[in-house]
Every structure is written in C-alpha cells, then in structure tokens.
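Visitor: Okay, here's what each chain looks like letter by letter:
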Amino acid sequence: MSLTQRIEALDRRWIFLLMLFSMSFPLIVHIRLPVRTSPEARGFYESIEALHAGDVVYLASDYDPGGKAELEPMLLAVLDHLFRKDVKIVGATLWPAGSPLLERAYKTVAPKYNKTYGVDYVHLGFKEGKENVMVQLGKSIREVFPVDYYGTKLDSLPLMHSGFNGNPIDKLGDTKLLVNISIGYPGTKEWVQQVRGRFQMKMISGCAAVSAPEYFPYVQSGQLSGLLGGLAGAAEYEQLIGRPGWGVTGMAAQSLSHVTIVLLILVGNFVYFWNRRKGAARS
Amino acid sequence: MLRREIPIFLAVMVGWFMVGEFFFPWAEPGGTEVQQMAVIITAAGVILGVANVIRINLLKVSRRQKDWQYSIFLLVGLIVMGFLGTVLPIVHAAVKGGAWTLGSLNLVGITDGTVFDRLYNRIYVPLSATMYGLLAFYIASAAFRAFRVRSTEAALLAAAAIIVMIGRVPLGEKIWDGIPLLTDWIMNVPQLAAKRAILIGAALGGIATGLKILLGIERNFLGSD
Chain Y
199 MSLTQRIEAL DRRWIFLLML FSMSFPLIVH IRLPVRTSPE ARGFYESIEA LHAGDVVYLA
259 SDYDPGGKAE LEPMLLAVLD HLFRKDVKIV GATLWPAGSP LLERAYKTVA PKYNKTYGVD
319 YVHLGFKEGK ENVMVQLGKS IREVFPVDYY GTKLDSLPLM HSGFNGNPID KLGDTKLLVN
379 ISIGYPGTKE WVQQVRGRFQ MKMISGCAAV SAPEYFPYVQ SGQLSGLLGG LAGAAEYEQL
439 IGRPGWGVTG MAAQSLSHVT IVLLILVGNF VYFWNRRKGA ARS
Chain P
829 MLRREIPIFL AVMVGWFMVG EFFFPWAEPG GTEVQQMAVI ITAAGVILGV ANVIRINLLK
889 VSRRQKDWQY SIFLLVGLIV MGFLGTVLPI VHAAVKGGAW TLGSLNLVGI TDGTVFDRLY
949 NRIYVPLSAT MYGLLAFYIA SAAFRAFRVR STEAALLAAA AIIVMIGRVP LGEKIWDGIP
1009 LLTDWIMNVP QLAAKRAILI GAALGGIATG LKILLGIERN FLGSD
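Which chain is which? The protein sequence lines are Y and P, in order.
The working numbering puts the first residue of the first sequence at 199, with every later residue one more than the last.
The working numbering puts the first residue of the second sequence at 829, with every later residue one more than the last.
Where hints are given, some of them may not hold.
[Said to hold, decoys possible] Under the rule of at most 30 Å between Cα atoms (straight-line distance), these lysine-lysine pairs were calculated in the DSS-like manner:
hint: 1; chain 1: Y; residue 1: 266; chain 2: Y; residue 2: 313
hint: 2; chain 1: P; residue 1: 924; chain 2: Y; residue 2: 387
hint: 3; chain 1: Y; residue 1: 305; chain 2: P; residue 2: 924
hint: 4; chain 1: Y; residue 1: 328; chain 2: P; residue 2: 1023
hint: 5; chain 1: Y; residue 1: 337; chain 2: P; residue 2: 924
hint: 6; chain 1: P; residue 1: 924; chain 2: Y; residue 2: 328
Hints in this document: simulated from the structure, not taken from any laboratory.
These numbers come from a predicted model, not from an experiment.
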C-alpha cells in the first residue's frame, strides 16, 4: 500500500484528533489574532451607539444551549454595550430552553454596571407561539407576558413605566431598537417578516454563522441595520466595543480549525485523484 | 364530508379575517383576539406533543424496540424536568407551603438557585453544546473523505468555500490581505444574488399558496386522511 493510499484510507479518528488539536491549541497557549471589522458589524455597533441613556431596547434572545458557544459571547457583548450606555433592556425568548441562558447573561453583566432588575432591565421569560407572539408583542407586551420570568406582574416593574414621555412600555414600538440574537426558527427571518416592517422597528441581528448568508439581503435592503455572523461577528463586535472576550479568544481556534478543514479538503482531493490516476495507469 | 369542509371553512374565514385586519383598523381588535387564540392553541399543542412523546417512548420501552434504553433516559428527563418546572410550582402555590428545599437548592421554580436550574446548567447545557460541537469533527471528516472535486460546479463550490472559510477568520488576512476582500465580494455579490432569488421565489410561492388557501383551493394542509 503506497503512502497516498494509506492517507486516503486514514482512520477518521486521526482527523478527529487533528481537529481537537487545531481547536484546543490556540486556546491553551492563548494566541490572539487581530480582528478585521466588517460593515455589517459596524452597522450593528453604530445602531447601539446611536442610543441615548434611558432609551429602551427589546432584546429577543432566541437560542438554546446548542447555540451557546457561538451566540453567548455576542449576547454578553451586547449587554455590556447597552448597560455601559445606560440603555434599558426588555428581554425575552421564543425558544423553550432559552430563558436560563438569557438569565445567566444578565446575571453575568448587570452586576458589573450596578444595574438593578426591574429598573434597568427586565426578563420576560419564554412564550410559545412563535410568529403569533411576535405580532402580539407589537400590539401589547402585557397581553403576551402578564408576568415576568419570576412571576412578577409587569405593572409593578418600574422599567415598564419608563417609555417615551413617561408612558408605559406596552408594545415593541415603545422601544427604540429590536436586538435579536438568534440561532434559527423562530429568529431573525421571522422578526423581519412579522415585526420589522409592520411596526416600523429599527432592527439588528446577531446570528449563527451558518444563517448569516440568508440574512445578507435584509442588510442590503436596510431591513437590518447591522448583522453579526457567528463567533467571527462576536469577535468583530467585541473589538468595536473595546472589550475582547470569548469571541476574540475563539477566533484563533476558529482560524486554525478552518485552515485544517481547508487542508483536509485539498489533501483529500489530491490523494483521491493521484490514486485514481495511478490505478488507471496500471490498468 | 364535514371532516374536510369545516376545517377548510375555518381556514378561509380566519385567513380573510387576518388579511382584513391589516387593511381595516376596525377589524384589529378581532384580529388580536384571533392571534391570542393562536398563541393558546400553539401552547396547547405543546401539551399534545409531550403526551405523544411519552406515549411513543413508553410503547418503545414496553416492546423492547431498537435502542429502547435511550427512551428510558428521555422519559426520566422529561418527567423530572416537567415535574420540577411545572407540577411542583402549581402544587406549592396550591398548598401555600413555605420554602421547599433540597440541600441549599430550592425545589420549587425554574429560576437561579433551584434544582431545575442546576439540572439545566449542569446536564442539559453541556450535553446540548457538545452535540453541536461534535459537528466540527464530522465536518472535518466529511471534508477529507467525501468532498471530491469531480465537476466544474464542485470546483466552483470548493473554491468559494475555501476562500470564504479562510477569509472569514483573522488568519486569512495574515496569509494574503486580498482574501477578506474576495470573501466580501463573494458574500455580497454572487451569494447575495442567489439568496435573494431564493427568497423572492419562496415569497412568491408563499403568496400563491396563501391565496389558494384563502380561496379554499389548497387542501394539502388537511393531510391525506
């Protein structure tokens, strides 16, 4: 058996081992690479940067633990940016397993800026109903979420009374920006289709890398004012807000694993065609 | 006959009502009611789904079908989490009891410091993230063993994939600073054009299907029974 034939028949556990090394090595030795920011990430950053202290945003945190590695760095950076600017947050999820993740993100970032629950941020929890809930939120948040994640009535939370001119916040239109962090359905596409145009909301999205190409048309049409795609998007955003976190740290691991996959494609094809050519020449 | 005609009638009525709500402000309260009904029906559907999952997996265990052992784990997880997150808070509220604890953890509720939260964060989160993370290993294996450039189309796909994969990470710029620009071009021109065509096509298809439902022509949503 020639070398190329042995490479072609390589046990896939060696490939798994190679991937493990390429992903873990940069994390162990703390390699940090400079991150280039894209116009989509700058749009995301500038949309939040344009908010003023006291403004309220609606944060739709639509992901579950499967998307945690990609989206949690993004969510933490968004919360950091919003709290730093003293922007108030009304957050909820349409994913059944999403609430504890949003809760944990709040608990991680809010103490850093001495933010108080109910005054500076609210967690509405989860509601089943997907697109129906989105449209309902555009009409009345209280109808959909009479109580918050802790079972407290929304009317007893000071933040829900701090809309424009002291009016209560009762619908999505009472907030200045819709921030969606999403891994799939229901997520960015549904928010754009059901809410963005119908309720005239300004919207930005952070999504999984695999979903980002699908949302590029929404950025170009202006329906999304900014877009973060996957861990790379999180890294770009962390760079922009000057708070390097897991996104930036993870980019070295992602860089090396992407290069490894590219090399595997090239080597796999080279040995395949080389072996076929040699086989054809022999026969 | 009524098994088909009544659902079609309901679908047509609700469909036209929702269209009307969009154009006539006086119809909005009614539309809101219908949407609230939809939210309640969807939530009720979850109960039906859970009941179905329990039934199917109980049958699987009782008949010792292939991989029946996994069904036991699924049922135990479903029952424990459902009990802690749903049943126990209702019982607790009904009996107006004090704090129900298990060690330092609260037995009632789903928030921070409860048994439910601990099980979620210590078992569900790592397992779920691991399942997603395993994808990277299988993608690498598939890239090596199955991604063969046998045609022009495959060659174009491979070239685009390699450029985008390298261009989307910082190492790409280190290799050649033109790669990120090439990546942006691929994402913003050919990719965007294709994606937009798919979106417009899907939207037109959606409109056509919606119109067929509104006119009572489309009946596939009723199933084949």
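Visitor: Are residue 337(Y) and residue 924(P) close enough, with their CA atoms no more than 30 Å apart?
Guide: Violated, at roughly 35 Å.
Visitor: Does residue 924(P) pair with residue 328(Y) here, judged by a C-alpha cut-off of 30 Å?
Guide: Roughly 33 Å separates the two Cα atoms, so the pair is violated.
Visitor: Would you mind confirming whether the straight-line C-alpha gap from residue 924(P) to residue 387(Y) stays at or under 30 Å?
Guide: Roughly 44 Å between the alpha carbons, so the hint for residue 924(P) and residue 387(Y) is violated.
Visitor: Does residue 313(Y) lie within 30 Å of residue 266(Y) when you go C-alpha to C-alpha?
Guide: Holds: residue 266(Y) and residue 313(Y) sit about 24 Å apart, inside 30 Å.
Visitor: Given the hint that residue 305(Y) pairs with residue 924(P), does the C-alpha gap stay at or below 30 Å?
Guide: Distance ~29 Å between residue 305(Y) and residue 924(P) Cα, so the pair holds.
Visitor: Check whether the Cα positions of residue 328(Y) and residue 1023(P) lie no farther apart than 30 Å.
Guide: holds, 24 Å
Violated hints for the displayed structure, listed by number in ascending order: 2, 5, 6.
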